[in-house]
Amino acid sequence: MRKFVVAILLVAVFCTSVFAQGAGEKNAVVPNNQKPVVFFNRQPSDPVTGVIDMDVMNWNDKTYYVGFDAAGGGAVQGQLIVDFLANADPAVVDRNGDGVIGYVLCIGDVGHNDSKARTQGIREALGTWAGSTDPGVAQEGSANVGGTTMPVVELDSRAMTGTDGTTWNANAATDAMMNWATRLGDQIDMVISNNDGMAMGCLQASNYPEGVPVFGYDANADAIEAIGAGRLTGTVSQNVDAQATATLQVIRNLLDGLTGDAVVTAGITEPDQYGNKISAAVDYVAETKAVLAQNTGVNASNWTEYQAGSRDAGIKQTDAPTKRVLLTIYNSGDNFLSSSYIPALNYYAPLLNIDLTIVQGDGQNESSCLDRFTNVGSYDAFAINMVKTNSGWDYLDKLQY
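Counted the way mature numbering (1 follows the signal peptide of the UniProt record, and there is no 0) counts, the sequence shown spans residues -20 to -1, 1 to 381.
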C-alpha cells in the first residue's frame, strides 16, 4: 500500500512539473528590462546642449522615441510668420510708424529641445538669430513686409516659468504680456510663442494691444477656434493624432513580436497586420531611434481643417491581444498634453487593444511621476514623458530587473 501511495505521489509531482513547464512556456514572465519602452514628447537629451542621450535610447532593442520633427516644426512656424508679414500692410503692422517691426517672444523651456527648435526657427526666419536660443540673445534682423524690407527686432523674450517652477506656463505668459504691454507700448508689432498655451495666455492679458498679431504652436482646439474668431493669427499642427497613434503603434508592434524596420513602419507608413495605417506623414530617424510626425502651418485660410472632433480614419478596431501599458505625463497642467494628446491616446488605445494606465506629474518634480511609476511587473510595456529631459535613467533604473 505504501509503495502504491509513493508511486501515486511521484506521478503527481511529475505531472505538476510538466504542466508547470508547459504553462511557463506559454506564459513566460518577461523581465522588465526586456519590455518595450517608448519615450514621447520629451526626447531624452542634455537640457543644456540638446544632445540626444543615446545611452538611454539604447537601453534595449525595444526602446524608441516618438515625437515630431522639432527642427522642421520651428522652420514651419518661422515661415508662417514670414508669409504673414509678406502679405501684410506695413502701415498697419508697424503700429507706431517707426519703420521697425518689433516682437516679443514667449519661450517655453530653455532646456527643452522642442522649445529650442522653435525659438531658433523663429529667429532664423526673421534674421534675429545670433547663435543661441537663450532669452535675450538676438540680433537685428529684417523681413519683407508687404513688399518693403523692414528691420526686425526682438524687443524682449522670456522663459515662461510659473511660480511653482512649471515651464511652458500660460499664467506666466499672461503676467509677462501685461508687463510688456505696459513697458513697451506700441513698439510691439507681433507676439510670438513657443506654444498655444502661452499664446492664449498672452491674449488673456487685460491690456493686450488690440489687433496685434499673435502666433502659437500646437494647434490646440482653443487655439484653432481663436484663429477662426480672428484672435489668434497662426499656429502649427504637429499632428497630435499621428504622434499619439505612433506612440501606441510602436508599442503594439513590439508586443506583437515585430523586429527591424517593421517596428517603425507597420501601421505607421505601411498597413499593419490589422489593416491600420497612420494617414499623416511620419518619418523615422534611425540614428536617434526617433519616429517623427511632420508639421503643418495653420492660419485663417485653413483652420477649419484642424477643428476638434476629427480622428484618423486609417486606424480601426483590431482583434489584437490586449496588453497593459503604463504611461506617464510630465505635467497634468500642460495644455497640449491634457487637451490634445491624452484625448487622442484614450481614443486610439482601445482600438489597438491597449489597456492604458496614465499617471500625471506636476511638471516640476520628477518624483511626481516616478513615485507612481510602480508595479512595473504587472505591465507589458511603458510609455514615458519625463519632467526633465535628462531623467530617462531614473525610470529605466526601475526596470532593471
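There may be inaccurate statements among the hints.
To be verified - Straight-line Cα separation of at most 35 Å, DSBU-like style, residue types lysine-lysine; simulated pairs:
1) Lys296 x Lys378
2) Lys303 x Lys378
3) Lys378 x Lys42
4) Lys368 x Lys303
5) Lys378 x Lys257
6) Lys42 x Lys303
7) Lys257 x Lys296
8) Lys368 x Lys42
9) Lys368 x Lys378
10) Lys257 x Lys368
11) Lys257 x Lys42
12) Lys296 x Lys42
13) Lys303 x Lys257
To be verified - Each pair of labels, with its calculated beta carbon distance range:
14) Asn279 x Val339: 44 to 54 Å
15) Pro131 x Trp373: 43 to 53 Å
16) Thr337 x Thr239: 39 to 49 Å
17) Gly191 x Asp63: 36 to 46 Å
Everything labelled a hint here was simulated from the structure, so no lab data went into it. Each residue gets a CB set at the ideal place from its N, CA and C atoms; glycine is no exception.
Each hint tested on the structure:
no.	hint	result
1	Lys296 x Lys378	holds (34 Å)
2	Lys303 x Lys378	holds (20 Å)
3	Lys378 x Lys42	holds (16 Å)
4	Lys368 x Lys303	holds (28 Å)
5	Lys378 x Lys257	holds (33 Å)
6	Lys42 x Lys303	holds (16 Å)
7	Lys257 x Lys296	holds (9 Å)
8	Lys368 x Lys42	holds (22 Å)
9	Lys368 x Lys378	holds (17 Å)
10	Lys257 x Lys368	holds (32 Å)
11	Lys257 x Lys42	holds (21 Å)
12	Lys296 x Lys42	holds (25 Å)
13	Lys303 x Lys257	holds (20 Å)
14	Asn279 x Val339: 44 to 54 Å	violated (36 Å)
15	Pro131 x Trp373: 43 to 53 Å	holds (46 Å)
16	Thr337 x Thr239: 39 to 49 Å	violated (26 Å)
17	Gly191 x Asp63: 36 to 46 Å	violated (19 Å)
Going through the hint list in order, the structure does not satisfy hints 14, 16, 17.
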